[in-house]
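Residue strings, one per chain:
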Amino acid sequence: MVENDFYVEERDMTLEEVVAALKKYERKYGMTSEEFYKKLKKGETYLVSESVDWSGLLEAYKFLNGQNHKAHRE
Amino acid sequence: MPAIYSEYKKHIRALLTEYGRHGILPGVIPVRFSSVEDIPADEGGIIRARDPDLVFRDGAKLALYEKVQVVNNEIQLLKYSYHYERPNGYFFRYEREDSEELIRKPEYHMHVILDLPHFPAPAVNLELILKVIANNFYSQEVYSRQIVGHEIHLTV
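Chains as they are written, first to last, in the working numbering: chain A, 28 to 101; chain B, 100 to 255.
Treat the hints with care, as some may be off.
Computed footprint of chain A on chain B, listed as stretches where at least three residues anywhere in the stretch have a Cβ under 8 Å from a Cβ of chain A [as the list claims (entries may be wrong)]:
1) 113-124
2) 132-139
3) 143-149
4) 161-167
5) 176-190
6) 239-249
In short, the hints are calculated from the structure, not lab data. The beta-carbon is built from N, C-alpha and C at its ideal position, and this holds for glycine as well.
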């Protein structure tokens, strides 16, 4: 939809995008997503500004990776 | 229930379209979706706009994250994060996040300028956040002009 010089671009995230976003957080905070998840469960992510987004990406990763494996098996 | 989540996504699109039409959100307005394992795909999932963020006409950005699910025929925002940041670094962020610390990190909280502390905050949603941003930072009224352009130099 193009109207008045703006465009709402909607689509599903891809597994590659999610992995790239996770790697960006891992580089920024110097820890793996697994380490982040453990800290999150212990309530030790006070200084991770994007902890809500990071944990959401991990959920998206689990789903998309599962779909990917399912597709490869079929 | 599938219709409810689908309608909610349309609602998000309509909101962003409205701010696009008003010239507050020009250019590409990127919105991404993903399903998650614990919610059937047609009953909820993740709605996200971050890298790229939503970009306002003055270069300010809003990073958006919502995890939503239809519960009792209503959309529930299970988790959210709305991070608005101006080009000079001033930011606020409203979040709903799992937490067992009622005072230092309430489930519903907000940050202003710094990532700490987590101030208690009311439940919000994208519609309210966009109204707050538009009325405070993009209005032509005197009130808005008293906010935008101010510099602060502080040490906590």
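Results of checking the hints against the structure:
Given a C-beta distance limit of less than 8 Å, the hint that chain A covers the segment 113-124 of chain B holds, as 6 residues qualify and 3 suffice. As drawn, the segment 132-139 of chain B meets chain A at 6 residues by the rule of a beta-carbon pair under 8 Å; at three or more, the given contact holds. Note: the segment 143-149 of chain B has 3 residues with beta-carbon separation from chain A under 8 Å; the three-residue rule is met and the coverage holds. Taking a C-beta to C-beta cut-off of 8 Å, the segment 161-167 of chain B contributes 3 residues in contact with chain A, enough for the three needed, and the coverage statement holds.
A stretch counts as covered by a chain when three or more of its residues have a beta carbon under 8 Å from one of that chain; for the segment 176-190 of chain B and chain A the count is 4, and the coverage holds. With 0 residues carrying a beta carbon less than 8 Å from a beta carbon of chain A, the segment 239-249 of chain B misses the three-residue requirement, and the given coverage is violated.
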